[in-house]
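Asker: Turn these sequences into a full structure, and let the hints steer you where they fit.
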Amino acid sequence: MSTAVKKEHKSARPERGGQATLVEAIRQGIWEEMERDPTVFVIGEDVGAYGGAFKVTDGLIDQFGKERVVDTPISEGAIVGAACGAALMGMRPVAEFQFIDFISAGFDLLTNYAAKCRYRWGAGIPAVFRGPCGSGVRSGPFHSLNAEAFFLNTAGLKIVEPSTAYDAKGLIKAAIRDPDPVLFFEHKKLYRLPRLREELPPDDYIVEIGKARVARSGRDLSIITFGAMVLTALDAAEELEKEGLDVEVIDLRTLAPLDKAAILASVKKTSKVILLHEASRTGGIGGEIAALIAEEAFEWLDAPVIRIASIDTPVPYSPPLEDYYLPQIKDVVDAARKLAAY
Amino acid sequence: MDQPDKSTRRRRRPARPRFQMRVSTKYAPRKAVDGKPLSCSTETTLNAEQHLDLYRYLKLTRLVEERLVNLYRQTKVVGGVFRSLGQEATAVGTAYALQPHDFITPLIRDLGAVLVKGIRPREIFAQYMAKAWGPSGGKDLNIHFGDMQKGFIGPISHLGDMIPVMTGILLGARMQKKKFVAVAYIGDGGMSTGAFHEGLNFAAVQRLPLIVVAEHNHYAYSTPTSLQTAVRDLAEKAAGYGIPSHIVDGNDVVACYEVTKQAADYARRGGGAVLIEAKTYRRKGHAEHDDQRYVGEGEVEWWEKNNDPLDRYERYLLECNHATKEKLEEIDASVLREIDEDCAWAESSPMPEGEQAAYGVFENNIVPPAFRPKVLEG
Numbered sequence: 004m005s006t007a008v009k010k011e012h013k014s015a016r017p018e019r020g021g022q023a024t025l026v027e028a029i030r031q032g033i034w035e036e037m038e039r040d041p042t043v044f045v046i047g048e049d050v051g052a053y054g055g056a057f058k059v060t061d062g063l064i065d066q067f068g069k070e071r072v073v074d075t076p077i078s079e080g081a082i083v084g085a086a087c088g089a090a091l092m093g094m095r096p097v098a099e100f101q102f103i104d105f106i107s108a109g110f111d112l113l114t115n116y117a118a119k120c121r122y123r124w125g126a127g128i129p130a131v132f133r134g135p136c137g138s139g140v141r142s143g144p145f146h147s148l149n150a151e152a153f154f155l156n157t158a159g160l161k162i163v164e165p166s167t168a169y170d171a172k173g174l175i176k177a178a179i180r181d182p183d184p185v186l187f188f189e190h191k192k193l194y195r196l197p198r199l200r201e202e203l204p205p206d207d208y209i210v211e212i213g214k215a216r217v218a219r220s221g222r223d224l225s226i227i228t229f230g231a232m233v234l235t236a237l238d239a240a241e242e243l244e245k246e247g248l249d250v251e252v253i254d255l256r257t258l259a260p261l262d263k264a265a266i267l268a269s270v271k272k273t274s275k276v277i278l279l280h281e282a283s284r285t286g287g288i289g290g291e292i293a294a295l296i297a298e299e300a301f302e303w304l305d306a307p308v309i310r311i312a313s314i315d316t317p318v319p320y321s322p323p324l325e326d327y328y329l330p331q332i333k334d335v336v337d338a339a340r341k342l343a344a345y
Numbered sequence: 025m026d027q028p029d030k031s032t033r034r035r036r037r038p039a040r041p042r043f044q045m046r047v048s049t050k051y052a053p054r055k056a057v058d059g060k061p062l063s064c065s066t067e068t069t070l071n072a073e074q075h076l077d078l079y080r081y082l083k084l085t086r087l088v089e090e091r092l093v094n095l096y097r098q099t100k101v102v103g104g105v106f107r108s109l110g111q112e113a114t115a116v117g118t119a120y121a122l123q124p125h126d127f128i129t130p131l132i133r134d135l136g137a138v139l140v141k142g143i144r145p146r147e148i149f150a151q152y153m154a155k156a157w158g159p160s161g162g163k164d165l166n167i168h169f170g171d172m173q174k175g176f177i178g179p180i181s182h183l184g185d186m187i188p189v190m191t192g193i194l195l196g197a198r199m200q201k202k203k204f205v206a207v208a209y210i211g212d213g214g215m216s217t218g219a220f221h222e223g224l225n226f227a228a229v230q231r232l233p234l235i236v237v238a239e240h241n242h243y244a245y246s247t248p249t250s251l252q253t254a255v256r257d258l259a260e261k262a263a264g265y266g267i268p269s270h271i272v273d274g275n276d277v278v279a280c281y282e283v284t285k286q287a288a289d290y291a292r293r294g295g296g297a298v299l300i301e302a303k304t305y306r307r308k309g310h311a312e313h314d315d316q317r318y319v320g321e322g323e324v325e326w327w328e329k330n331n332d333p334l335d336r337y338e339r340y341l342l343e344c345n346h347a348t349k350e351k352l353e354e355i356d357a358s359v360l361r362e363i364d365e366d367c368a369w370a371e372s373s374p375m376p377e378g379e380q381a382a383y384g385v386f387e388n389n390i391v392p393p394a395f396r397p398k399v400l401e402g
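In order, the protein sequence lines correspond to chains A and B. By the numbering used here, the letter at position 52 of the first sequence is numbered 55, and the numbering carries on one by one without gaps. By the numbering used here, the letter at position 125 of the second sequence is numbered 149, and the numbering carries on one by one without gaps.
Quick caveat, the hints were computed from the structure, so don't treat them as lab data. Treat the numbers as computed from the prediction; the structure is a model and nothing was measured. Check each hint, because a few of them may be wrong.
As the list claims (entries may be wrong) - In silico BS3-like pairs for lysine-lysine, Cα to Cα no more than 27 Å straight-line:
#: 1; chain 1: A; residue 1: LYS214; chain 2: A; residue 2: LYS263
#: 2; chain 1: A; residue 1: LYS119; chain 2: B; residue 2: LYS398
#: 3; chain 1: B; residue 1: LYS60; chain 2: B; residue 2: LYS349
#: 4; chain 1: A; residue 1: LYS271; chain 2: B; residue 2: LYS398
#: 5; chain 1: A; residue 1: LYS119; chain 2: A; residue 2: LYS245
#: 6; chain 1: B; residue 1: LYS174; chain 2: A; residue 2: LYS119
#: 7; chain 1: A; residue 1: LYS69; chain 2: B; residue 2: LYS201
#: 8; chain 1: B; residue 1: LYS100; chain 2: A; residue 2: LYS119
#: 9; chain 1: A; residue 1: LYS263; chain 2: B; residue 2: LYS202
Answerer: So this is what it looks like as structure tokens:
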């Protein structure tokens, strides 16, 4: 029996820019920020020698030492609490949840301590809480969460979720430099997706938090979405283009605070809206955006605002079940056709 | 397949000795001898000035709280008033053992520690009365604020949460090569939380100089300690974290001072975290509204008569000739003057403007304040 396993240990410093997938872009971003600012440090489970479950922090410990790459017990309360404390001291922690599902174990300290500290006594918490989110990778009910809706109703937390490598790097850097706590959700399905590999500029850049992006410009209807669903929307748009429908895709990038101006501008342009997200439908961010549109762009609408989201169940494991759970390209195409004909 | 040779491995790496329970009881409560009323530990490094200082803080704590009760009855306090009556010595004695640059994170009943850290009574009064001049500008209550310069980080209502936060303070300080120790206060109730465990476990693993003062005051709201934990002494819990612990008479301010000094020295030397269990008693209810129907008859009265921390310290000061009755009365008068002055200041503060509620969720240069939206105005 051959037991020889080659240990591939990629601990080299990432390139500055160059061809990068989404995960490499985030790693570059954290690495560069740690080089730029000695107060930036990484804390989480298995982030050190192992480099994190998804290798986002790979090699950091060799470069920056265990003082700045802190392996913790399995203890999300300790991770969040310690990040808050260190941030109060003027450090800039980048805390990792191994999977965003485990953010529930740090929920109390996030929502009660991190979120409220500046409001209560003016002490900002410049910390990033990041981790892999999202379904569609056959990981079942505990490794597939989209957590944004849990936190949208908590004032004091910014929420970011990139869908391109360029944005991922620019946003993680912006999040690290932000004076307030930022939840940084990374869709694990996008981490190594070849489709997202792109050439990053070699220079230091950030993508401003709070600004959406027009992922595709169109005139006939808008799909407002974020994360991995941006790809679903773009694929649907391509298909609809063959039918003569010109679809606009808005990638929110930041979920809190929402880029109201970008949302309303797109609504006023196309007058027909699909809100597309991967988290369950009820209580999801789609409802919030629909309400915003109803309040502030009612007279611009030519059709009902449509939500396409996952069904109201936990995320199931088996592929046929998960495919049924998740919004598919076909769902978007069908809805868009109906909306166009409305 | 070859099995690793366990015998040689054992020889190379000797097994760590099994953890020995290290509960020090040197300062644990003692029974009164021959019916003699309780005093304080006479073995002390405190000098004359410090002795009087401690008295001043004990008195200040008690009288600030009494003033708060008056304000409460006049409906000037917006929320509840939480007393530390009968357990002031723990907060004052432990905090007094720290250096000015050390940190504390108190619980609601540790007003004494907050005052020792240099927070003025006026800030406390303004906070309780929800005034604009309070350190949180009316956004939060009582001691729920902080002052990083003074090493004071106020608690939140969620018990246990401050243990991991303080662990983070120390972790950050270590990265910045700053050397100080920190005291995090917790109670017999708060020790049941997950956050307490997560924070202390992490501090112990990282060998951070965290001193956890566990105030065993018999009640968490109405729940007795027997329904909170199966250990006899809270100090036993230290074994689960591989750290040493002390039991101290929480109503003996000198013992509280000495034991914390020892713990702080140990932590400063790089020993890591320490747990101190302070045995004390909460003579008032959870807050002023609480009628204490769950307390056994005569219990509160017994503690008041036989084990009041201020009585004990006063007796000790007089017996050991550290102070005269006149000197103590002089201190009492100056404490009262300070309270009158600070209370008047706080009362003269306006209430905050309603619109201030919109500010400060985020850095407002980046995210604008959360003003009420104007309806149907685009």
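Asker: Does each hint hold? Answer for all of them.
Answerer: Okay, the hints, checked on the actual structure:
no., hint, result
1, A/LYS214 / A/LYS263, "holds, 9 Å"
2, A/LYS119 / B/LYS398, "holds, 25 Å"
3, B/LYS60 / B/LYS349, "holds, 20 Å"
4, A/LYS271 / B/LYS398, "holds, 20 Å"
5, A/LYS119 / A/LYS245, "violated, 49 Å"
6, B/LYS174 / A/LYS119, "holds, 21 Å"
7, A/LYS69 / B/LYS201, "holds, 15 Å"
8, B/LYS100 / A/LYS119, "holds, 25 Å"
9, A/LYS263 / B/LYS202, "violated, 44 Å"
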